[in-house]
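Undergrad: My request is simple: use the sequences and hints to build the entire structure.
Going from the sequence shown to the working numbering is simple: count from 1 and add 109.
Keep in mind the hints are simulated off the structure, nothing from the lab.
One or more hints might be untrue.
As the list claims (entries may be wrong) - Heads up, simulated EDC-like pairs for lysine to aspartate or glutamate below, C-alpha to C-alpha not over 16 angstroms straight-line:
1. Lys131 with Glu154
2. Lys131 with Asp156
3. Lys128 with Glu113
4. Lys128 with Asp156
5. Lys131 with Glu113
6. Lys146 with Asp156
7. Lys155 with Glu139
8. Lys155 with Glu121
As the list claims (entries may be wrong) - Pair by pair, the computed Cβ-Cβ distance ranges are:
9. Asn140 with Met114: 12 to 20 angstroms
10. Lys169 with Lys128: 16 to 24 angstroms
11. Glu121 with Glu154: 24 to 32 angstroms
On a predicted model such as this, the values are computed, not experimentally measured, just so you know.
Beta carbons are placed, not taken as given, at the ideal position from N, Cα and C, and that holds for glycine.
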Amino acid sequence: MSQEMILGRLREQGFRITKQRKLIISTILENDCSCCKEIYYQVREKDHTVGIATVYRMIKTLEEAGVIDRRNMYRIGSLKEGA
Numbered sequence: 110m111s112q113e114m115i116l117g118r119l120r121e122q123g124f125r126i127t128k129q130r131k132l133i134i135s136t137i138l139e140n141d142c143s144c145c146k147e148i149y150y151q152v153r154e155k156d157h158t159v160g161i162a163t164v165y166r167m168i169k170t171l172e173e174a175g176v177i178d179r180r181n182m183y184r185i186g187s188l189k190e191g192a
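TA: Structure below.
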């Protein structure tokens with residue numbers, strides 16, 4: 110789904126299209142982010158005014174709009190000696 114299609118769906122459902130929302134959507138589309146914190150860190154590099162709560166709210170909004178679906182992501186990290 111393209112950014113314009115996502116923005117159109119949000120508009121149809123009565124959501125305002127803000128600069129921060131556009132940035133979060135483009136970040137999700139352009140990067141392989143597995144969680145809200147990763148999205149937040151990517152967005153924060155481009156706009157330091159975006160808070161983590163904004164990212165969480167936007168993810169919830171996108172879920173409710175049927176644009177994205179939540180998936181639990183697990184990764185195997187490297188083990189430190191003695192752990």
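Undergrad: Work down the list of hints and note, for each, if the structure agrees.
TA: Evaluation of the provided hints:
1. Lys131 with Glu154: Measuring from Cα to Cα gives roughly 15 angstroms; hence the hint holds.
2. Lys131 with Asp156: 12 angstroms, holds
3. Lys128 with Glu113: 14 angstroms, holds
4. Lys128 with Asp156: Holds. Lys128 to Asp156 sits at ~10 angstroms (cutoff 16 angstroms).
5. Lys131 with Glu113: 10 angstroms, holds
6. Lys146 with Asp156: 15 angstroms, holds
7. Lys155 with Glu139: Given pair Lys155, Glu139 holds - Cα atoms ~13 angstroms apart, limit 16 angstroms.
8. Lys155 with Glu121: Violated, because 27 angstroms separates the two Cα atoms, which is more than 16 angstroms.
9. Asn140 with Met114: 12 to 20 angstroms: Since the Cβ atoms of Asn140 and Met114 sit about 18 angstroms apart, the hinted range of 12 to 20 angstroms holds.
10. Lys169 with Lys128: 16 to 24 angstroms: 19 angstroms, holds
11. Glu121 with Glu154: 24 to 32 angstroms: 30 angstroms, holds
Hint compliance for this structure: hint 8 is the single one not met.
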